[in-house]
Structure formats: C-alpha cells, structure tokens
Amino acid sequence: MSKKKEVVSVGRRDFFRKAGLGAGAVGAAAVGLSAEQGKAETTKPASNSAGYRETAHVKKYYELSRF
Amino acid sequence: MAIAVTQEPIAEEDNLRASWYSLLARLLAAPADESLLAVLRGLDGDDSELGAALRALKGAATTASARAIEQEYFDLFIGVGQSELVPYGSYYLTGFLHEKPLARLRDDMALLGIARSEGVPESEDHIAALCDMMAGLIIGSFGEPVELSAQRKFFDDHIGCWAPRFFENLEASPSTVFYMPVGTVGRLFMAVESQAFEMAA
Numbered sequence: 001m002s003k004k005k006e007v008v009s010v011g012r013r014d015f016f017r018k019a020g021l022g023a024g025a026v027g028a029a030a031v032g033l034s035a036e037q038g039k040a041e042t043t044k045p046a047s048n049s050a051g052y053r054e055t056a057h058v059k060k061y062y063e064l065s066r067f
Numbered sequence: 001m002a003i004a005v006t007q008e009p010i011a012e013e014d015n016l017r018a019s020w021y022s023l024l025a026r027l028l029a030a031p032a033d034e035s036l037l038a039v040l041r042g043l044d045g046d047d048s049e050l051g052a053a054l055r056a057l058k059g060a061a062t063t064a065s066a067r068a069i070e071q072e073y074f075d076l077f078i079g080v081g082q083s084e085l086v087p088y089g090s091y092y093l094t095g096f097l098h099e100k101p102l103a104r105l106r107d108d109m110a111l112l113g114i115a116r117s118e119g120v121p122e123s124e125d126h127i128a129a130l131c132d133m134m135a136g137l138i139i140g141s142f143g144e145p146v147e148l149s150a151q152r153k154f155f156d157d158h159i160g161c162w163a164p165r166f167f168e169n170l171e172a173s174p175s176t177v178f179y180m181p182v183g184t185v186g187r188l189f190m191a192v193e194s195q196a197f198e199m200a201a
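The listed protein sequences derive, respectively, from chains R and E.
Under our numbering, the residue at position 20 of the first sequence is numbered 20, and the numbers go up by one with no gaps.
Under our numbering, the residue at position 30 of the second sequence is numbered 30, and the numbers go up by one with no gaps.
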C-alpha cells in the first residue's frame with residue numbers, strides 16, 4: 001500500500017470507528033446477510049442467479065411502470 | 001502500470017462499509033423474514049448516533065412480528081393504489097420511473113461489469129439494488145474491488161443525490177414502526193459515507 005493511500009486509510013478507519021461503524025455487530029451479522037437476495041451480479045461468468053422472486057415489491061414495479 | 005501483481009487485502013473499514021450496505025439492501029429488498037429478524041436481534045450498537053439507531057432497530061426487530069412487518073412494507077412501498085414511498089432513484093430525481101437517471105446508471109453498470117441477476121424485474125435504481133452494488137464494488141463481487149475514487153463517483157452519481165432524502169422520508173413516514181429505525185440507520189450511514197468520501201478526496 002502506498003504511503004498516501006495508507007494515510008487516507010488510517011484517517012478513514014478512525015473516522016468510521018468514531019461514527020460507530022465498527023461496533024463489531026454489523027460485521028458479524030453480515031455473515032448471515034451475505035448470501036442470497038443479491039439483485040446485481042457480475043456480467044463476467046455468473047456464479048449464481050437469484051431467480052425470479054414474485055414479491056409484492058416486484059408487482060409494484062410493474063404497476064408503476066404502466067403510466 | 002495498470003496490472004496489479006498482488007491484490008491488496010480489503011481494509012477492515014471497507015469490509016464494514018460493505019456490511020452496512022448489505023444490511024440496508026437486505027432490509028429494503030423485501031419484508032424482513034424470520035432469519036433477518038434473528039440477525040437484527042443480535043445487533044449491538046455503541047454510543048454513537050449510528051449505534052443508537054442500530055439499537056432502535058434491534059428493539060423494533062424484537063417487538064415486531066414478521067407479519068406486521070410485511071404489512072408495513074406493503075403500505076410503505078407497494079400500497080393499494082399508491083404507496084407512501086417509491087424507492088427508485090429515477091422517481092426521486094425526476095418524478096417519474098425509468099427516466100434519464102436510470103439510463104445513466106445502466107451505462108455506468110455496463111462499464112463496471114455489473115448486470116441485474118436474471119429474473120430480477122425491478123429496475124436497477126431501486127435502493128436495495130444500489131446498496132447491493134455498492135457492497136459489491138467495495139469487496140469486489142464484480143471482479144476486482146474498485147478504487148475509492150470510483151466508489152465515490154458511483155455513490156455521488158447514483159445514491160448520494162437522492163437516497164438521503166429517501167431515508168429521511170422513510171424515517172418520517174407516519175405508518176412506520178419497524179422501518180422508522182431502518183430510515184434512521186440509512187440516513188446516518190449515508191451521511192457517514194458522504195463525509196468519508198470528502199475526507200479521502
């Protein structure tokens with residue numbers, strides 16, 4: 001890591017800590033979050049597909065797009 | 001030199017940022033189910049403003065039933081006839097869906113090598129999709145992690161210009177119990193991100 005990048009990174013890390021981003025909790029919780037639900041994927045070889053989810057939210061999209 | 005020989009590990013704070021984006025994406029993509037509620041009940045915040053908001057969210061996840069949350073999600077984002085909120089960037093920026101902001105987003109996604117998963121019909125400027133994309137750009141789900149400057153550009157162009165207002169509206173929406181703290185968390189996190197991008201510039 002270059003010197004400048006390192007300085008920026010340390011400053012940001014400190015800032016995020018003070019802002020309460022750390023807390024450890026969200027990081028740990030993310031383990032349970034990371035899977036499924038992805039709406040976006042890489043256009044390079046796709047690993048998994050979320051598949052069609054007929055959620056109410058999806059219906060709204062169609063509803064709105066009609067006008 | 002465009003080609004990096006060794007990939008730098010993702011900094012701790014960047015992993016955390018990605019986790020927050022993933023959390024917001026998961027909260028807004030669909031009504032919270034039991035597995036997400038279980039995750040939320042295990043959260044713990046420090047004494048920062050964001051920490052307090054996280055505790056409020058934990059409290060809401062502890063008292064609200066999945067059924068009540070589903071109803072709230074419906075009223076907020078779907079509604080009978082008209083929902084309270086329309087969580088799409090184009091709508092916030094122009095008053096209509098599928099306008100120029102969505103076209104610009106699609107152009108940028110193509111450049112970054114991101115596409116919608118097959119079978120996801122909601123447009124890419126949905127708040128949950130954008131949070132998902134930010135998380136992916138940070139940790140490298142779409143190839144290599146992107147530089148901070150590129151993250152900032154994506155944030156400024158597609159998220160920072162409307163999502164803070166969306167989260168404010170969510171927080172202030174009269175019918176929210178569970179989603180009120182979601183709005184608070186989102187609003188505060190957006191502010192932290194904006195400020196951090198400023199710092200790095």
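In short, the hints are calculated from the structure, not lab data.
Just so you know, these numbers come straight off a predicted model, no measurement behind them.
Treat the hints loosely; a few may be bogus.
Cross-link-like lysine-lysine pairs, in silico, DSBU-like; alpha carbons within 30 Å at most [to be verified]:
1) R:Lys-5 to E:Lys-100
2) R:Lys-18 to R:Lys-5
3) E:Lys-100 to E:Lys-153
4) E:Lys-100 to R:Lys-18
5) R:Lys-5 to E:Lys-58
Okay, the hints, checked on the actual structure:
Only pairs whose Cα atoms come within 30 Å are accepted, and Lys-5 (chain R) paired with Lys-100 (chain E) is rejected, the gap being roughly 35 Å. Between the alpha carbons of Lys-18 (chain R) and Lys-5 (chain R) the distance comes to roughly 20 Å, so the proposed pair stays at or under 30 Å and holds. Between the alpha carbons of Lys-100 (chain E) and Lys-153 (chain E) the distance comes to roughly 17 Å, so the proposed pair stays at or under 30 Å and holds. A threshold of 30 Å between alpha carbons decides the hint, and for Lys-100 (chain E) with Lys-18 (chain R) the separation of about 37 Å lies outside it, so the pair is violated.
A distance of roughly 35 Å separates the Cα atoms of Lys-5 (chain R) and Lys-58 (chain E); the hinted pair therefore is violated under the 30 Å criterion.
Hint violations for this structure: numbers 1, 4, 5, all remaining hints satisfied.
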